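Residue numbers (our numbering), protein chains in the order written: chain A, 24 to 231; chain B, 24 to 231.
Everything labelled a hint here was simulated from the structure, so no lab data went into it. Since the model is a prediction, treat every value here as computed from it, not as a measurement. A portion of the hints provided could be inaccurate.
Just so you know, same-sequence chains aren't split out, so a pair can sit in one copy or run between any two.
Each computed SDA-like pair below joins lysine to any residue, with the alpha-carbon atoms no more than 25 Å apart [claimed, not checked]: (1) LYS62 / GLN149; (2) LYS62 / ALA152; (3) LYS224 / GLU130; (4) LYS25 / GLU144; (5) LYS69 / PRO196; (6) LYS224 / ILE108; (7) LYS62 / ILE108; (8) LYS62 / THR87.
2 protein chains.
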Amino acid sequence: MKLLYAPTSPFARKVRAAAIELGVGDQLRLELVQVAPCKPNRDYAKSHNPLRKIPALVTAEGMTIFDSTVICEYLDAMAGGGLIIPSEGYARWRVLTNHALAQGICEAAVLVRYETWLRPETLRWQELADDQWDRIDTGIEWFEQHAGELEGPVNLAHLTLGCALGYLDFRWPEHDWRTRNPAVAAWFGTLSQRPSFALTKPETPPAS
Amino acid sequence: MKLLYAPTSPFARKVRAAAIELGVGDQLRLELVQVAPCKPNRDYAKSHNPLRKIPALVTAEGMTIFDSTVICEYLDAMAGGGLIIPSEGYARWRVLTNHALAQGICEAAVLVRYETWLRPETLRWQELADDQWDRIDTGIEWFEQHAGELEGPVNLAHLTLGCALGYLDFRWPEHDWRTRNPAVAAWFGTLSQRPSFALTKPETPPAS
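Work the whole structure out from these sequences, hints included.
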């Protein structure tokens, strides 16, 4: 299988971490793709994803699958099913809702990055960046208040929250989310030592 | 069940349309919620979704479920399972990937709305709005070129594409996506006559 990815994308990291957790990491052949708002990559839009978003997976049968969540579910099914996403019932809706929250934190962080780095300086709107930071902080705080949700075998919500927190540390190491959220911080410390996270940590400095 | 929603949200419409298609529309009690970037609704963040996004569903058992995709899957399971989202195999990954594309079109449209309406006029970046329009147009064009994907029983990708196109018509009636995409236009004309779409059409004018 081929994974179209970028080393700094938290959504690509989520898929790579899921593959390692599911024991299929060695089946993923990574292929770097350059995508960014306002820099249309027409080849990629045509060949893989009209939205020009990464990651995308090309399966052994040649089918293209996206977004990151669908790819994770595909890998889970390939590995037997019900491993990082419970197959049914209350457990499934809980993990998928927790995942939607973690995913939203990650998306808000990417929006902050676009607002404060990609956008021309004179057109930046601090109020919007602050609003996204508020969602990020409120989201992490929810997990702090429901730390029981972080227990048990690693699931898709855990992996996604881990990628969101790793992205915060990578882009804004000065943003201290740990002091206010000690349970999440301790949990993330443990998660970070797993091969799925240790082997996928974003190390590359931003291109500019 | 209670659905936290707004009448103009394409993501809330997706859930309402799914419920009607699944025959459980009469079990949804709608409750209006006001959310917008930079206007934090703290009560809603605390009670339902820390991200302050709609829709959210409160089940008969009192569990809160989000986002729109998870709610649709929950309603599908409630109605028997495998109805608007195939349960497994190739059909599942195809519908979920098509859905991710339709969802991305919808998200890009909402970003254009924020960029060109919510954001203070002096801070608007036309290049970003153009970039999102390009994603929207390229996404619709993909469905035009793969019109076979629009056939068969209504699925989650169909509902989501329909909500995206309905949102375009609602916010930018002057944006002519139909001329370039006659197959999608004809399909959307038929879809719009189904009760799931006729009963959920956004009619309310923007608040300002």
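Checking an output row: LYS69 and PRO196, CA cutoff 25 Å. Within, between, both or neither? neither (36 Å within a copy, 27 Å between copies)
Intra/inter-copy verdict for LYS25 and GLU144 if alpha-carbon distance must be at most 25 Å: neither (37 Å within a copy, 43 Å between copies)
Treating 25 Å as the Cα threshold, decide for LYS62 and THR87: within, between, both or neither. within (22 Å within a copy, 39 Å between copies)
At 25 Å max between alpha carbons, let me know whether LYS62 reaches ILE108 within a copy, between copies, both or neither. For LYS62 and ILE108, the Cα distance exceeds 25 Å both inside one copy (35 Å) and across copies (34 Å).
Is it within, between, both or neither when you check LYS224 against GLU130 at 25 Å Cα-Cα? within (18 Å within a copy, 28 Å between copies)
Within a copy, between copies, both or neither: which one fits LYS224 and ILE108 at a CA-CA cutoff of 25 Å? Within. Shortest intra-copy distance 23 Å satisfies the 25 Å Cα cut-off; inter-copy 34 Å does not.
I want to check one pair: LYS62 and ALA152. Are their C-alpha atoms no more than 25 Å apart within a copy, between two copies, both, or neither? both (22 Å within a copy, 13 Å between copies)
Within a copy, between copies, both or neither: where do LYS62 and GLN149 come within 25 Å Cα-Cα? Both, since 24 Å and 14 Å are each at most 25 Å.
Hints 4, 5 and 7, counting from the list given before, are not met by this structure.
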